[in-house]
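Asker: Residue numbers (my numbering), protein chains in the order written: chain Y, 95 to 478; chain H, 20 to 526.
None of these hints come from the bench; they were simulated from the model.
Predicted model, so just to flag it, every value in this text is computed and none were measured.
Careful: at least some of the hints might be erroneous.
[Said to hold, decoys possible] Beta-carbon label-pair distances, calculated as ranges:
#1 Gly229(H) <-> Asp432(Y): 52 to 58 Å
#2 Asp482(H) <-> His336(Y): 55 to 61 Å
#3 Asp248(Y) <-> Thr318(H): 40 to 46 Å
#4 Leu190(Y) <-> Ala310(H): 57 to 63 Å
#5 Asp248(Y) <-> Lys336(H): 52 to 58 Å
#6 His336(Y) <-> Ala264(H): 43 to 49 Å
#7 His336(Y) <-> Asp398(H): 45 to 51 Å
We treat Cβ as the ideally placed atom computed from N, Cα and C, and that holds for glycine.
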Amino acid sequence: MDLKLDPDDLNTCVQCGLCLPHCPTFRVTGDEAMSPRGRIQLMREVQDNDAPVDDDVLRSFASCVQCRGCEPACPSSVPYGHLMERTRETLADAKLMTPGWQRLAFLPLANPKLLQAGSAALAVANKLHLVPKRLGLPEEIRVDQKPIIASGDDVYFFTGCVMDAWQREVHHAGVRNLEAAGFGVTPTNELAPCCGALQAHAGLAGQTRTLAEQMMGNLSVDTRPIVVDSAGCGAAMKDYGHLLGTPEAKAFSERVFDIQEFLALHLEKLPAVSALDVRVAVQDPCHLRHVQRVHEATRTVLRPFVRELVELDDDGLCCGAGGAYSVLEPELAGDIRDRKVAAIDQVTPDLVASANPGCAMHLAGAGVPTIHPMEIVDRALRGI
Amino acid sequence: MARSALKSLQSLKDLAGRASRSGGRPADETASDPLIGELRAALSPDRVRSDGAQKALMKKDASVFEGGVSGPLCYPESTAEVQAIMKLAEKYDRGVVPRGAGTGLAGGAIPLGAPIVIAATKMNHILEVDLDNRIAWVEPGVINLDLTKHLAPMGFHFAPDPSSQQVCTIGGNVANNSGGPHCLAYGVTNAHVVALEVVLPSGEVTVLGGLDAEPLGYDLRGAFVGSEGTLGFTTKVAVTITPNAPDVRTLLLSFDTVRDAANTVSAIIAAGIVPAALEVMDQRITQAVEAYVGAGYPTDAGAVLLAEVDGLADGIKIDAERIGDIGRQHGATNVRQAETDHERALLWKGRKTAFGAIAQIAPDYYLHDTVVPRSKLADVLEQIYEIADRHDVLVMNVFHAGDGNLHPLLVFDGREEGKLDAVHAAGAEIVTASVAAGGVLSGEHGIGVEKQAYMDLMFTDDDMDHQARLRRAFDPVCRANPGKVLPMGHSCADIAALRSVPADVWG
Chain Y
95 MDLKLDPDDL NTCVQCGLCL PHCPTFRVTG DEAMSPRGRI QLMREVQDND APVDDDVLRS
155 FASCVQCRGC EPACPSSVPY GHLMERTRET LADAKLMTPG WQRLAFLPLA NPKLLQAGSA
215 ALAVANKLHL VPKRLGLPEE IRVDQKPIIA SGDDVYFFTG CVMDAWQREV HHAGVRNLEA
275 AGFGVTPTNE LAPCCGALQA HAGLAGQTRT LAEQMMGNLS VDTRPIVVDS AGCGAAMKDY
335 GHLLGTPEAK AFSERVFDIQ EFLALHLEKL PAVSALDVRV AVQDPCHLRH VQRVHEATRT
395 VLRPFVRELV ELDDDGLCCG AGGAYSVLEP ELAGDIRDRK VAAIDQVTPD LVASANPGCA
455 MHLAGAGVPT IHPMEIVDRA LRGI
Chain H
20 MARSALKSLQ SLKDLAGRAS RSGGRPADET ASDPLIGELR AALSPDRVRS DGAQKALMKK
80 DASVFEGGVS GPLCYPESTA EVQAIMKLAE KYDRGVVPRG AGTGLAGGAI PLGAPIVIAA
140 TKMNHILEVD LDNRIAWVEP GVINLDLTKH LAPMGFHFAP DPSSQQVCTI GGNVANNSGG
200 PHCLAYGVTN AHVVALEVVL PSGEVTVLGG LDAEPLGYDL RGAFVGSEGT LGFTTKVAVT
260 ITPNAPDVRT LLLSFDTVRD AANTVSAIIA AGIVPAALEV MDQRITQAVE AYVGAGYPTD
320 AGAVLLAEVD GLADGIKIDA ERIGDIGRQH GATNVRQAET DHERALLWKG RKTAFGAIAQ
380 IAPDYYLHDT VVPRSKLADV LEQIYEIADR HDVLVMNVFH AGDGNLHPLL VFDGREEGKL
440 DAVHAAGAEI VTASVAAGGV LSGEHGIGVE KQAYMDLMFT DDDMDHQARL RRAFDPVCRA
500 NPGKVLPMGH SCADIAALRS VPADVWG
């Protein structure tokens with residue numbers, strides 16, 4: 095069947111195999127069908143040779159975390175992430191992937207009221223221990239948190255969906271840090287309810303386009319930078335230019351900054367304080383390292399505020415969170431996480447800094463003491 | 020599509036469609052196939068695969084060659100499981116083909132005649148590091164660079180470092196007797212394997228070689244290393260581990276011409292210096308690499324020479340200066356030394372991803388691998404450029420200059436009418452020219468299916484018959500990696516007919 099993949103994109107892959115060790119699913123299975131090279135070959139088989147899209151082919155595509163760790167490793171610059179998103183979109187349109195219940199599950203993300211109601215229900219279920227522990231949800235999901243109040247109009251602060259509902263304290267820390275650097279902050283709240291990343295990963299790019307257009311319409315009354323403290327959301331918003339293919343979308347994407355990236359550019363504006371007495375390991379979220387490629391900024395921003403920064407010796411291999419992946423593919427996600435936890439254990443940190451809510455929750459589910467880099471900076475600045 | 024166009028090569032089609040000599044069964048199996056049932060009972064159901072997706076993927080390695088449809092794909096986790104597979108292959112009269120990371124460049128891991136594929140990727144454990152004896156026992160699926168990373172805290176590494184080292188497996192290195200940039204000083208894989216546990220095609224498990232410096236008897240270990248899977252399947256490898264050098268210096272020399280770079284390489288060796296690595300890249304490949312890595316390679320130079328020396332700081336300081344001087348005497352326009360580890364790593368990253376980086380230029384490549392005497396490097400390179408020009412094919416040269424191992428890279432778009440034929444014609448002339456200059460067919464990629472047709476450039480019929488006899492001693496029915504290495508006329512069925520030594524052999 096026609097997967098609607100650009101033949102030139104597909105042809106970029108020369109099958110050298112250099113991506114294999116950078117693929118988390120290949121690492122834990124040793125299975126070519128669970129590698130980027132294998133998946134691209136299967137895309138070719140389906141699109142060019144009319145191979146049947148059977149369960150095994152679908153399994154290969156569905157098992158991809160979409161971490162895009164293969165992209166920086168690829169000497170031929172194969173646009174793997176876009177190939178996989180397009181493949182999933184075509185297969186979801188043909189009702190071969192992403193069943194109806196999943197489509198329904200994504201709807202509340204774009205609707206703050208529904209999300210709040212859903213989160214409240216989840217909070218109760220979690221308290222009653224009805225939610226599997228491996229999901230790594232916070233002990234207490236607080237749905238009635240302190241709102242973020244606008245403090246000025248220098249930058250937008252993207253609040254988003256799940257993170258705003260479950261980890262608003264991270265948002266507060268990020269906003270306080272921006273304010274400490276002298277920026278007046280406007281939270282986006284209902285102006286931009288959701289970035290659409292999870293939907294795009296699931297092949298529901300139509301939903302993502304709608305959300306992107308809505309967000310662009312609401313935030314394009316001026317040209318302020320849009321600061322994002324979730325690596326996955328930032329990566330998705332930086333990709334709107336590609337997703338929509340319009341000059342407006344490209345211009346919008348250029349206004350998007352990861353919060354570490356933004357503060358690294360303005361580091362001198364943050365007050366000098368004494369560093370926290372902690373040894374911090376940096377866990378790079380894939381969409382910060384492999385997609386946005388601004389992971390060095392996390393180190394730049396953290397360095398003045400902690401006693402010691404340590405690196406993990408795993409070449410930035412994915413932790414297995416992958417947005418909704420850890421829920422949809424718990425077994426693979428768990429095996430992948432085991433590797434990450436082993437790498438973390440080796441460097442014996444006090445805290446593990448992760449700039450993405452999904453990674454933080456997934457790792458916390460394995461007992462890793464995760465914290466957002468912005469919370470570390472916030473604690474140092476406030477001396478707590 | 021370009022890559023699939025390659026499979027239309029008639030000779031390969033014949034190969035791929037040809038039923039194995041050790042089993043004539045076509046590959047339309049189902050889960051009810053008794054062979055699959057027995058394999059699943061011996062391993063586990065999820066580690067024996069026969070679905071269409073898997074078989075489609077097994078058709079290819081990193082070469083341009085495409086095999087036929089494979090038989091069942093097995094992921095064993097132990098020697099006993101490999102042994103069980105081998106015994107079932109015998110029972111059902113099927114070939115077996117080994118597969119590591121699938122990064123081979125000569126088609127050595129592609130299936131011919133619906134063989135059982137034995138994937139080594141789940142046998143990926145480092146079993147033991149013995150610092151006293153400076154060896155490590157590893158399973159065949161261990162990734163080359165993973166072993167080196169594992170050894171790093173102990174101050175050691177595994178010396179052979181193919182460009183694909185971040186993904187290729189030790190088992191594949193053993194099969195192909197792999198080299199790498201740093202094999203100039205340290206020797207290729209054969210010099211770093213002391214013992215092998217292998218499962219022979221009969222299913223018998225044996226250990227070749229040993230930890231003693233001088234094992235008794237014939238060096239069967241030496242015969243096995245580089246045999247491309249045609250003598251059996253390696254299940255454990257004892258490799259030597261090499262202490263990390265106390266210091267290292269990496270130089271980048273720029274030249275106006277490839278000839279100047281090649282002459283510099285000969286002069287360095289002639290001066291008695293043994294660098295850890297001497298790598299040359301011509302202007303075209305340098306430009307492609309720089310576009311990908313941004314390592315600061317000079318894109319205006321006709322050629323660059325990457326030279327590395329390692330050892331004691333005082334000694335290599337002098338060697339580095341001498342290399343710079345020799346370069347300047349031979350026309351180097353610039354000599355630069357990497358100042359930091361980061362700079363050095365970037366230079367090497369550029370060199371080691373050269374083959375993939377060419378996709379920035381065209382969608383297909385055919386990477387050749389021949390060796391010529393160092394003193395002939397400049398002459399043969401000029402011939403290679405002339406041959407490629409005549410066939411209107413773009414050629415780029417990147418090579419292990421220190422040991423004369425050429426890697427002419429033919430870059431093309433297979434969708435262009437007639438291009439593929441031109442590529443193969445140019446390739447054939449390049450191989451012929453290298454051998455005519457006193458060189459050999461393959462430096463490190465192996466023969467696989469790629470170089471079979473060229474074997475008679477180097478070997479007489481008698482030479483090949485004797486190689487076939489060695490093979491038959493291990494594998495009388497050509498069960499192990501059928502259809503590889505030895506040309507058709509010299510494989511098992513043919514030697515079976517050769518019952519006595521031809522009258523003229525002894526003169």
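Asker: For the hint 52 to 58 Å, verify it against the beta carbon of aspartate 248(Y) and that of lysine 336(H).
Answerer: holds, 54 Å
Asker: Should the hint that leucine 190(Y) and alanine 310(H) are 57 to 63 Å apart at their CB atoms be regarded as holding?
Answerer: Given range 57 to 63 Å: violated, Cβ gap about 38 Å.
Asker: Please check whether histidine 336(Y) and alanine 264(H) have a Cβ separation lying inside 43 to 49 Å.
Answerer: The hint (43 to 49 Å, Cβ to Cβ) holds, given that histidine 336(Y) and alanine 264(H) are roughly 45 Å apart.
Asker: That 55 to 61 Å hint for aspartate 482(H) and histidine 336(Y) (C-beta), does it hold up?
Answerer: Distance hint for aspartate 482(H), histidine 336(Y) holds at roughly 57 Å.
Asker: Holds or violated: 40 to 46 Å for the Cβ distance of aspartate 248(Y) and threonine 318(H)?
Answerer: holds, 41 Å
Asker: Does the hinted range 45 to 51 Å hold for histidine 336(Y) and aspartate 398(H) at CB?
Answerer: Cβ of histidine 336(Y) to Cβ of aspartate 398(H): about 49 Å, so the range 45 to 51 Å holds.
Asker: Taking 52 to 58 Å as the hint, is the beta-carbon distance of glycine 229(H) and aspartate 432(Y) inside that range?
Answerer: violated, 36 Å
Violated hints, listed in ascending order, are 1, 4; each of the other numbered hints is respected by the structure.
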